[in-house]
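Chemist: Order-wise, the sequence lines are chains A and B.
Residues in the first sequence are numbered from 0 upward in steps of one, following my numbering.
Residues in the second sequence are numbered from 69 upward in steps of one, following my numbering.
Just so you know, these hints were derived from the structure itself, not from any lab.
Cβ coordinates follow ideal geometry from the N, Cα and C atoms, glycine included.
One thing to keep in mind: the hints can contain errors.
[As the list claims (entries may be wrong)] Which residues of chain A face chain B? A partial, calculated answer using Cβ under 10 Å:
| # | residue |
| --- | --- |
| 1 | 5 |
| 2 | 6 |
| 3 | 50 |
| 4 | 71 |
| 5 | 93 |
| 6 | 103 |
[What the hints assert, rightly or not] Label-pair ranges, simulated between beta-carbon atoms:
| # | chain 1 | residue 1 | chain 2 | residue 2 | range |
| --- | --- | --- | --- | --- | --- |
| 7 | B | 148 | A | 54 | 41 to 51 Å |
| 8 | B | 97 | A | 62 | 40 to 50 Å |
| 9 | B | 90 | A | 66 | 30 to 40 Å |
| 10 | B | 99 | A | 0 | 21 to 31 Å |
| 11 | A | 17 | B | 121 | 45 to 55 Å |
| 12 | B | 77 | A | 50 | 31 to 41 Å |
[Said to hold, decoys possible] Now the stretches of chain B that chain A is said to cover, found in silico as 3 or more residues with beta-carbon under 8 Å:
| # | region |
| --- | --- |
| 13 | 112-123 |
| 14 | 163-177 |
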Amino acid sequence: SQTIHQWPATLVQPVGSPLSLECTVEGTSNPNLYWYRQAAGRGLQLLFYSVGIGQISSEVPQNLSASRPQDRQFILSSKKLLLSDSGFYLCAWNGRQGMYFGPGTRLTVT
Amino acid sequence: RKEVEQDPGPFNVPEGATVAFNCTYSNSASQSFFWYRQDCRKEPKLLMSVYSSGNEDGRFTAQLNRASQYISLLIRDSKLSDSATYLCVVTVEYGNKLVFGAGTILRVKS
Chain A
0 SQTIHQWPAT
10 LVQPVGSPLS
20 LECTVEGTSN
30 PNLYWYRQAA
40 GRGLQLLFYS
50 VGIGQISSEV
60 PQNLSASRPQ
70 DRQFILSSKK
80 LLLSDSGFYL
90 CAWNGRQGMY
100 FGPGTRLTVT
Chain B
69 RKEVEQDPGP
79 FNVPEGATVA
89 FNCTYSNSAS
99 QSFFWYRQDC
109 RKEPKLLMSV
119 YSSGNEDGRF
129 TAQLNRASQY
139 ISLLIRDSKL
149 SDSATYLCVV
159 TVEYGNKLVF
169 GAGTILRVKS
């Protein structure tokens, strides 16, 4: 069966610091991978998606970037965090039956 | 206009009640449709897919009306454990992109 891993589970970072969140998927090959963000009390906002290694589609212009160095690895990065980057970051992959999410990273920017 | 719109609720219902949620979408080219459930501070989890012919899974029934571009979810005999946020999801761009509604909050009370 497929499993999606994200780490860390929680993170507190100061404004202006860099960010790197990693997501890996097991049990499938060449998955479509996604990064979503959910601000407190809000809906899910699609940030990036990838249909293959090195292929990244950006949905929202902002200070975040994504990379896909390996088939089952998806990384979300920032060089300098803003207060507005706080939120619940979710990695997901798109299977035949729907989209499946990792456990998420709760980021607080202080 | 938002791509996917839901009544945010909350819907406060007693145990055993029947409750229905609706969702409208704006992109007539949307191909697939889903309902997700999200518990507080957790990742969304797939509840069920939605087909044009309608589908049922135990106490849950989902319907799709392509002509009117809306999706519904009916929950019968509500349980306390049904309390959660229910997210309506549609796919666009040949299934590569999933767009989430902001969610409808359900609170089932004893």
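Chemist: Among all the numbered hints in the text so far, which are the ones the structure does not match?
Modeler: 2, 4, 8
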